[in-house]
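In order, the protein sequences belong to chains A and B.
Going by our numbering, the first residue of the first sequence is number 1, and it counts up by one from there.
Going by our numbering, the first residue of the second sequence is number 1, and it counts up by one from there.
These aren't lab readings, by the way, just hints derived from the structure by calculation.
All the given hints hold, so there is nothing to weed out.
Cβ pair distances, simulated, as ranges: (1) A:Lys91 to B:Ser134: 21 to 29 Å; (2) B:Glu149 to A:Val110: 53 to 61 Å; (3) B:Asp466 to A:Glu97: 29 to 37 Å; (4) B:Leu154 to A:Ala94: 31 to 39 Å; (5) B:Glu555 to A:Glu97: 23 to 31 Å; (6) A:Ala94 to B:Asp200: 41 to 49 Å; (7) B:Asp469 to A:Glu108: 51 to 59 Å; (8) A:Ser177 to B:Gly256: 29 to 37 Å; (9) A:Gln159 to B:Val499: 54 to 62 Å; (10) A:Ser177 to B:Leu154: 26 to 34 Å; (11) A:Met57 to B:Gly447: 54 to 62 Å; (12) B:Glu243 to A:Gln159: 28 to 36 Å; (13) A:Val260 to B:Ser134: 44 to 52 Å; (14) A:Ser177 to B:Glu152: 28 to 36 Å.
Values in this document were obtained by computation on a predicted structure and should not be read as measured data.
The beta carbon of each residue, even a glycine, is placed where N, CA and C say it ideally should be.
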Amino acid sequence: MVKKIFAYSYIYFILLLMYVPIFVLIVFSFTNATYIGTWNGFSFDLYGKLFQSEEIMIALGNTVIIAIISAFVSTVLGTLGAIGGFYSKKKSRAALETINQIPVVNAEIVMALSLVVMFVFVGNVIFRGANLFSFWTLLAGHVVLSAPFVYLNVKPKLQQMDPSLYEAALDLGCSPSRALRQAVLPEIIPGVISGFMLAVTLSLDDFIITAFTRGSGLLSGEGNIETLSTLVQAKIKKGPIPAEMRPLTTIIFIIVLLVVLFISLNRNKNVSRGALRRKKLRERA
Amino acid sequence: MENNYIIDLKNVSKIFDDETIAVDDFNLYVRKGEFVTFLGPSGCGKSTTLRMIAGFEFPSKGSILLNGKDISNVPPNKRPINMVFQRYALFPHLDVYENIAFGLRLKRIPVLKTDKQGNKVLEIDKKKIKELKSEYKLIQRNKHLDEAEKSEKLNGLQSQIDYLKANPVESYNYVKLSEKEIDNKVARALKIVDLEALEDRDISTLSGGQQQRVAIARAIVNEPEILLLDEPLGALDLKMRKEMQIELKEMHKKLGITFIYVTHDQEEALTMSDTIVIMKDGVIQQIGTPKKIYDEPKNAFVADFIGESNIYNGTIVGDKKVRFLDHNFDCEDEFQLNEKVDVVVRPEDVIISEKGGMIEGVIDNKIFKGVNYQYVIMIGKNELLLKSTKDYEVGTKVGLNIEPDGIHIMKKDFLVNIYTDAWIDKNNHVMIDDSPFDCDVTQLLAGSTLDEEGYLVSADKAHKYDLKDADVVAEIAKDKIEIIDDIESEEAQIVGSIVDSIYIGDHYRYIVRTENEEDFVLDSQYSYNLDDKVGLKVNKEDIKLRLKKEVSVYEI
Chain A
1 MVKKIFAYSY IYFILLLMYV PIFVLIVFSF TNATYIGTWN GFSFDLYGKL
51 FQSEEIMIAL GNTVIIAIIS AFVSTVLGTL GAIGGFYSKK KSRAALETIN
101 QIPVVNAEIV MALSLVVMFV FVGNVIFRGA NLFSFWTLLA GHVVLSAPFV
151 YLNVKPKLQQ MDPSLYEAAL DLGCSPSRAL RQAVLPEIIP GVISGFMLAV
201 TLSLDDFIIT AFTRGSGLLS GEGNIETLST LVQAKIKKGP IPAEMRPLTT
251 IIFIIVLLVV LFISLNRNKN VSRGALRRKK LRERA
Chain B
1 MENNYIIDLK NVSKIFDDET IAVDDFNLYV RKGEFVTFLG PSGCGKSTTL
51 RMIAGFEFPS KGSILLNGKD ISNVPPNKRP INMVFQRYAL FPHLDVYENI
101 AFGLRLKRIP VLKTDKQGNK VLEIDKKKIK ELKSEYKLIQ RNKHLDEAEK
151 SEKLNGLQSQ IDYLKANPVE SYNYVKLSEK EIDNKVARAL KIVDLEALED
201 RDISTLSGGQ QQRVAIARAI VNEPEILLLD EPLGALDLKM RKEMQIELKE
251 MHKKLGITFI YVTHDQEEAL TMSDTIVIMK DGVIQQIGTP KKIYDEPKNA
301 FVADFIGESN IYNGTIVGDK KVRFLDHNFD CEDEFQLNEK VDVVVRPEDV
351 IISEKGGMIE GVIDNKIFKG VNYQYVIMIG KNELLLKSTK DYEVGTKVGL
401 NIEPDGIHIM KKDFLVNIYT DAWIDKNNHV MIDDSPFDCD VTQLLAGSTL
451 DEEGYLVSAD KAHKYDLKDA DVVAEIAKDK IEIIDDIESE EAQIVGSIVD
501 SIYIGDHYRY IVRTENEEDF VLDSQYSYNL DDKVGLKVNK EDIKLRLKKE
551 VSVYEI
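Excised from the complex, chain A in its bound form (with noise of 0.2 Å):
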């Protein structure tokens, strides 16, 4: 009975302390209003206003590219990493796990700060005082934050994986490389995509790293980079948060809701194609 006080309480509190700010942001991006509390009656005119607003676009822009390409690098590093230290000597794989631990636990300011002091060593001394901030250094820096946890993601699943399955699949004839690639990279999968969508997460929303290492470049141009992070923060400097950011925000929830739904739903379909073409082909014959 305890039991499931706890577990309801502990439901309950979530939904008032996640769903509930949520829900209020998405009913207030259905009104003009410039403040949260007052209601102007229904209207889409912040969504019209977000769309045009060429300095969001820009920062949404730049946020999807950057997400989406640092958690591209930092999954297959990740998982070279896990399967490399997986079938490594005890030593050098706890070496391994302990380096891979420390940037998971460490203050991300102390790892912002430290790439900074990295980017301007190595530019003043290595490149003659040149100015080495741009993507480059903000995607550098997105990786070292995400490739970590791609790396525990997907070392579960190796762990659960039959250790000898690689060794089969040399001894019936396949390459070490294609023994990966058939006999292994099948069985840790799920780790590598949920490895890939917490790159990605984690990516979307950083601010301390982005704000350290971006420079100009990408849709930005000359000027620094601007992702959604790094724009809300100007904006909060100087008045409250735009409004337009309320529609964006909740289209973004619900992209992720819908990818969540997606996965949750198909996750337990198998369809066995194998048997479908074997029955083919047996008719014909």
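Given the structure of chain A, go ahead and fit chain B onto it with the hints provided.
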């Protein structure tokens, strides 16, 4: 002729991390179609040997010949050998059919390359050259080969490469098997393992026995020259295991492929194999047919490991006469007078009667085994295990007879004292001859430690074992036992009297016999007289232990 052997292992050794010798100077040839079993306790090197034949490990020294050709450094995907893994290693993302078809889909059939007129096209075999070059590099990096052997191998390879570069040969196109061919082969393999109805099933929905069959089908569908089986029945329950033993044996007969089987289960080895290879600490102890190994074990280790046996210390007291259990028995083996020997008597070779016999004892324990009774008889302070269909009460005084052909005598290996009936007490001391010896029980499980309560904890901290009353085999090297003159001193862990002393070159070899008639063989520089009472001391780290049962039995 060497050509009769499908696989030939010559002086093969495997050294891990420059120090651990997993396999030491392994020599074995296997005839085509033979069923060979590698048998030994865990950690004896049997799996490493199998993995070297499969190609997952390359030998540090020596060579492996397949049909007379050296394949020591050929990668596993290029060997006509397939393996059934201990935990099956089936691909969970594929169904039964696709698992079995996996190897066939990778197979390429060579088709002779011809030009438009139908003439053979001659080309330099670049692929083979590449393979030889990678093998060349591998040998170059091997630290365990001595220089002469290395340069000989390298020169051989280099001349092969040069020859291939100079001589174009007939070349081939490699084509995939058609879906139809694959389907036929898979259907045949499914039939052999009796799984026709399950081809569309997911691996996760199969029982252990069915997964086992899929694993076998997946290996044999490739028509390998050798099928390797790494403890394939270990994960099955007893009844299933017995059934699979018979089926595997039948499959072996039907397919005619060479089987190399690894197990630690002596019964499995005896029932299935044509030849058994018994290993211990990376060294072959004995190779022979099951009957030969059972009837004529080469040493106490083999006798103890294969079947149930009574092993005693004996002394040759005359022509074909041996003394053990305080009686002079007639035997069939000839040894030197007064030589110390190990005597093996199989439980079924002891004849029990109430009318008295060569020796007398009292029934101490009786277990009904279905077909017969198993008795433990106390003869003085020695135990004797025997089996009989006759029913006697515990406590009955019985006479025992042993025919000369029931007594097998082995030359005593004087390097180590082996105590097969030792056990661990509650303080984690090993009890040899009812005296406690300080020992290191963590050696029973690699990487384990002891916690404060004295329980053994596995390396990953996930399992805990209570070793109290665990039966172990203890081994003490003869040069690790020290004689303590003062038998009252605390250092003397056990007391006995010297019953035998031989002067060997620069030292004496003594046999110290305790009150309970346990013998300790040891070397010493100092001279003692026969019948001197002495104490013995063994350092903690010099007692080697081996569990008689799996360690999992003691898990708490």
